[in-house]
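Novice: Given next are the chains, with one letter for each unit.
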Amino acid sequence: MRAVIIRGAGFFGFWLVLIGADPVDGVAGLFTAAAATWTSLRLLPPSSGRWQYAALARLAWRFMQQSIMGGLDVARRAFDPRLPLQPGFLTYPIRLPPGPARNAFCAFTSAMPGTLPTGVDEHGALLYHCLDVNQPVVAQLTVDEELLTRALGGTDGDR
Amino acid sequence: MSFVLDLFTMGAVLAGALFFLAGTVGLLRFPDPLTRLHALTKADNLGLGLIVIGLLPQVAWPLGAFKLIAIWLMALFAATTISQLMARAARDGEPVR
Numbered sequence: 001m002r003a004v005i006i007r008g009a010g011f012f013g014f015w016l017v018l019i020g021a022d023p024v025d026g027v028a029g030l031f032t033a034a035a036a037t038w039t040s041l042r043l044l045p046p047s048s049g050r051w052q053y054a055a056l057a058r059l060a061w062r063f064m065q066q067s068i069m070g071g072l073d074v075a076r077r078a079f080d081p082r083l084p085l086q087p088g089f090l091t092y093p094i095r096l097p098p099g100p101a102r103n104a105f106c107a108f109t110s111a112m113p114g115t116l117p118t119g120v121d122e123h124g125a126l127l128y129h130c131l132d133v134n135q136p137v138v139a140q141l142t143v144d145e146e147l148l149t150r151a152l153g154g155t156d157g158d159r
Numbered sequence: 160m161s162f163v164l165d166l167f168t169m170g171a172v173l174a175g176a177l178f179f180l181a182g183t184v185g186l187l188r189f190p191d192p193l194t195r196l197h198a199l200t201k202a203d204n205l206g207l208g209l210i211v212i213g214l215l216p217q218v219a220w221p222l223g224a225f226k227l228i229a230i231w232l233m234a235l236f237a238a239t240t241i242s243q244l245m246a247r248a249a250r251d252g253e254p255v256r
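From first to last, the protein sequence lines stand for chains A and B. For the first sequence, the positions run 1 to 159 when this note's numbering is used. For the second sequence, the positions run 160 to 256 when this note's numbering is used.
These are computed hints drawn from the structure, not numbers from a lab. Keep in mind that the hints are not guaranteed to be accurate.
A short, non-exhaustive set of chain A residues, derived as facing chain B with CB atoms under 8 angstroms [unchecked claim]: (1) Ser-67; (2) Phe-79; (3) Pro-117; (4) Thr-118; (5) Gly-119; (6) Leu-131.
Label pairs and their calculated CB-CB ranges [to be verified]: (7) A/Val-143 with B/Gln-217: 30 to 38 angstroms; (8) A/Arg-82 with B/Phe-225: 38 to 46 angstroms; (9) B/Phe-225 with A/Ala-3: 18 to 26 angstroms; (10) A/Thr-32 with B/Ala-248: 26 to 34 angstroms; (11) B/Leu-180 with A/Arg-95: 34 to 42 angstroms.
A quick note: this is a predicted structure, and the numbers were derived from the prediction, not measured. Backbone N, C-alpha and C fix where the C-beta goes; we use that ideal spot for every residue, glycine too.
Using the sequences and the accompanying hints, generate a full structural model.
Specialist: Written out as structure tokens, the structure reads:
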């Protein structure tokens, strides 16, 4: 129940910021906030894991850094007349179990330089498509997973 | 002061536009759907981020700024989610090494 109130208030507050505090629009906002709360509870049930804010801040910092690296990397390759690409697949044996934490990991790493998660193989390892398979991709992913696991309170998938 | 801020806006938005151009060049030049997805997601995320940062000094605080950042975050969430789904679809029929 606590999660319902907190999330509902959050979504409605978000609506007010985006649309403004008009009484007629507010009614639509209430319905929207209710629908968003229902959806969020279905997709992401309240978990007992506690977020570690210091680790979360490090994760956000790494995300910013790596986003810049990723953009520069792609831009450099796209503009280079020789088109330097070594595309290929590699597998990453992920420790996070299927669930919200793994989804977060996939979303996070899809914005990292040169990596794109494309699902799992028959052994349950994540299949990554890489722009350049000669880059130290697995080492990078290991750092990402460690940081994310710590940010989520070390609960490994809060299920 | 506002002149400096305007210069900052011009610089950041121009840099952002350059990354969108890079993403488009990559989309045209890269050899297959998966590499093209890399070009689009990575370059556009950074491009949109730079444009949002560049526009921040030009909007009303704090509501306008919050809106801009919300747009950026939602585009980021959408891009990271959809690029994986498209990659999964594009992988079918590709050799796996």
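Novice: Run every hint past the structure and note whether it holds.
Specialist: A quick look at each hint next to the structure:
1. Ser-67: holds, 6 angstroms
2. Phe-79: holds, 6 angstroms
3. Pro-117: holds, 5 angstroms
4. Thr-118: Since chain B brings a Cβ to about 4 angstroms from A/Thr-118, closer than 8 angstroms, the hint holds.
5. Gly-119: holds, 5 angstroms
6. Leu-131: holds, 5 angstroms
7. A/Val-143 with B/Gln-217: 30 to 38 angstroms: Holds, at about 37 angstroms.
8. A/Arg-82 with B/Phe-225: 38 to 46 angstroms: holds, 44 angstroms
9. B/Phe-225 with A/Ala-3: 18 to 26 angstroms: holds, 24 angstroms
10. A/Thr-32 with B/Ala-248: 26 to 34 angstroms: holds, 30 angstroms
11. B/Leu-180 with A/Arg-95: 34 to 42 angstroms: holds, 39 angstroms
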